[in-house]
Amino acid sequence: MSTNASLPRWMDLLLLPLMNLALAMAVASAVVWAIGLEPGPVIGLLFKGAWGSASGISYTLYYTTTFVFTGLAVAVAFHAGLFNIGGEGQAAMGGLGTGLVALAALQWMPGLPATILVPAMVLGAMLFGAAWAAVPGALQAWRGSHVVITTIMFNFLAAALMGYLLVEVLKEPGTMDLQSRAFEPAARMPGVHECLLALGVDWPATPLNLTAVLAVLAIAAAWWLLWKSRSGYDLRASGHAPAAAQYAGIDPRRQVMLAMLVSGAFAGLVGVNEIAGVHQRLLPDFVAGAGFAGIAVSLIGRNHPLGIALASLLFGTLYQGGAELAFEVPGFSRDMVFTLQGLIVLFAGALSTVLVGPLARLHRRWSSGAAQGVWP
Amino acid sequence: MMELLHEIGVQAGTLIGSTLRGATPLILCALAGCLAERSGVVDLGLEGKMLLSAFAAASVGAATGSWVPALAVALALGVSMSLVQGWGCVTHQGDQVVMGMALTMTAAGLTVVLGGAWFGLGGQTPQVGDGARLTGWFTDAAQSVQALPVLGPMLGLGLMGHNGLVYWTLLCVLLVWVLLFHTRFGLRLRAVGENPLMVDAAGVSVRGLRHQALALNGMLAGLAGTYLVLALNANFIPHMTAGRGYMALAALIFGKWNPLGALAACLLFGFLDALAIRLQGAPWPEMLGGGTVPVQAIQALPYLLTVVLLAGFIGRARAPAALGVPYLKER
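Sequences listed follow chains A and B, in order.
First residue of the first sequence? That's 1 in the numbering used here, and the numbers climb one at a time after it.
First residue of the second sequence? That's 377 in the numbering used here, and the numbers climb one at a time after it.
No lab work stands behind these hints: they were computed from the structure.
For glycine and all other residues, C-beta sits at the position ideal for the given N, C-alpha and C.
Be careful, since some hints might not be right.
Some chain B residues judged to face chain A by a derived CB distance under 10 Å, without partners named [said to hold, decoys possible]:
id : residue
1  : G496
2  : P502
3  : A626
4  : T682
To give an idea of the interface, some chain B residues facing chain A are shown, with a C-beta separation under 8 Å as derived from the structure [what the hints assert, rightly or not]:
id : residue
5  : F557
6  : A618
7  : I629
8  : L680
In silico negatives: residues of chain B with every beta carbon more than 10 Å from chain A [to be verified]:
id : residue
9  : T480
10 : V488
11 : Q500
12 : L535
13 : H587
14 : L625
15 : G667
16 : L686
17 : A697
Please put together the full structure from these sequences, using the hints given.
Printed below as a string of structure tokens:
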């Protein structure tokens, strides 16, 4: 996953991810073909479903928003040398934070205006997500327990906690469904179609909401934090050269904590997009694998905020297109998208080192050939 | 009085029995993880290997109605996933954690896609026939000991009458323990997880050892998947592993990377799970707040205990020193 010194920059940052993506697509196409469908038309329909209509585009951007958050959650931790697999649990906790703020307002302070309630819900999501990531972070920093294992455990703990709270504490009385009471109308992230309507543009009603703006801000904030701020420099230094960073006076524990807190806060924002933006009540399992998808997003986006924005668009396209396909093509299951997601992690992440050798050799041959051409 | 004692025996026996049945796939997976991790390869792909082999065993079992080809295909798939893992992580020094996630995510999607396309049951497979199901062992003995007071039902319901794979699994624990700690191969395997450079200097292939460990790992994970559909359930259900692969990993850590310790941890985790199912909806003492027993708390206990152990608050779990570090042979 590290930068490959033997390859020129454009190959490393552009060609390699594209080749890995192509390989994953090729294998996925083989699976599509194996279950008796034509890969070509399927891919065409997928793109049409995602970008062919106003509502399709909106859904695509709504999924994209979620993936930006989980992708950044993986990437920020990665730059500090940590592998945060806990996006799933941190996102669930973010939803809990959002939901608790809204439910508390409903219980004790009904009638709060949206201008206070919605920012409070965003803060609640970030705080809860950050807190859920902070515990594995602290255990890594002070007790040396590996963050990969503890974040996995914390995913299960988050699921258990959510289950307990929804069954025993927050469940809406008198219903069978596992969900909380509905929030107040004010406790709601406004939909993009409503804002566009206020501007006089007619746009279909979709789950796309103003959390998408937060996603754009999050990308900018992550970029600024990682590459333009002093803390970001410290964070990356302690991730890429721990010994040198420590020698330079950078406290590794502080960096672990900073990285996990920021990661968790980003993941927590998924809760805003889903709970405050769409459901308006607390549900279990609303994350639905988005945390794991963040790993794929971060890998294919090479852990760079801009790359993550593009990768999130790709995954938003796949999710929305896949949903449309499952609707239109009999025999096509949406799980095909999850398969492709796994294959992308396989080729762009786990097997990313395989192509480097042959590519570097090819490049050496080309460049030495060119050199001989100039100086025979 | 005798009635009560008998009832206690029956209750205890049922609980022991479901503990053992629930722990078996965990034990197999933990053993698989033990072999990989002792050789220095982190395996987060256990969940995926188990899932894909369960799907394979269910598909073949339903198609042929016999457990032999089902088992064979499941083992073959488990091993081939391990081979991919070894090719990426051992031969090409890819990231082991990412590889594990990739295998698990791909398997989770692929099983549903293929199952849906082949059987049209929303990702489930048809029931495997009775001929393919693993049948109980010592069922006659289980019947006859029931007559004994107290101990009878505990033995009969708890320890006897399970299918053969349960007993084979317990034997596997012993075999893996002997393999790791009392054979030359085991010594080398443990050495390669602690200090691969030393093993390399001694003229033994680091890659070879890790590939072998992974091959055995794939077989055991395949066996765990087979157990899920030929013994525990009767067909494949999407995502039926339900985090067992990760729980096995937790048990492995809890057992301090030792097969016997892992066995104890798996039995504990299996017991907690059996207990949680039994106590579902049971009343919670009035003096402790009333309501029902918080089952989720019992289910979360294995993960919580593992985190606490990893943090070094109860004992110390030390991972193999070279765990997760790809070995690059200098040329």
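Structure-based check of each hint:
Hint on G496 (chain B) holds. Least Cβ distance to chain A is approximately 8 Å, under the 10 Å limit. A distance limit of 10 Å between C-beta atoms decides the matter here; for P502 (chain B) the minimum to chain A is near 17 Å, and the interface restraint is violated. A distance limit of 10 Å between C-beta atoms decides the matter here; for A626 (chain B) the minimum to chain A is near 7 Å, and the interface restraint holds. Given hint, T682 (chain B) at the interface with chain A, holds; its Cβ is 6 Å from that chain's nearest Cβ, closer than 10 Å.
Using the Cβ-Cβ criterion of 8 Å, the hint placing F557 (chain B) at the interface with chain A is not satisfied: the shortest such distance is roughly 24 Å. The criterion of a C-beta within 8 Å of any C-beta in chain A is not met by A618 (chain B), whose closest approach is roughly 10 Å, and the hint is violated. Proximity of I629 (chain B) to chain A holds as hinted, the smallest CB-CB distance being about 7 Å (cut-off 8 Å). Because the smallest distance between the Cβ of L680 (chain B) and any Cβ of chain A comes to about 6 Å, under 8 Å, the interface hint for this residue holds.
Not every C-beta of chain A lies more than 10 Å from that of T480 (chain B), the closest at about 7 Å, which undercuts listing it as non-interface. Separation of V488 (chain B) from chain A is inadequate, the least Cβ-Cβ distance of about 4 Å not exceeding the 10 Å criterion. Under the 10 Å C-beta cut-off, the non-interface status given to Q500 (chain B) relative to chain A holds; the minimum distance is some 12 Å. Distance to chain A confirms L535 (chain B) as a non-interface residue, since its nearest Cβ pair spans about 30 Å, more than 10 Å.
Listed as outside the interface, H587 (chain B) is consistent with that label: its C-beta sits roughly 16 Å from the nearest C-beta of chain A, beyond the 10 Å cut-off. At roughly 7 Å, the least C-beta separation between L625 (chain B) and chain A is not larger than 10 Å, which violates its mark as non-interface. For G667 (chain B), the requirement that its beta carbon stay farther than 10 Å from each beta carbon of chain A is not met, with the minimum near 7 Å. At roughly 4 Å from the closest C-beta of chain A, the C-beta of L686 (chain B) falls inside 10 Å, breaking its exclusion from the interface.
The non-interface label for A697 (chain B) is consistent with chain A: the shortest C-beta to C-beta separation is roughly 13 Å, beyond 10 Å.
Going through the hint list in order, the structure does not satisfy hints 2, 5, 6, 9, 10, 14, 15, 16.
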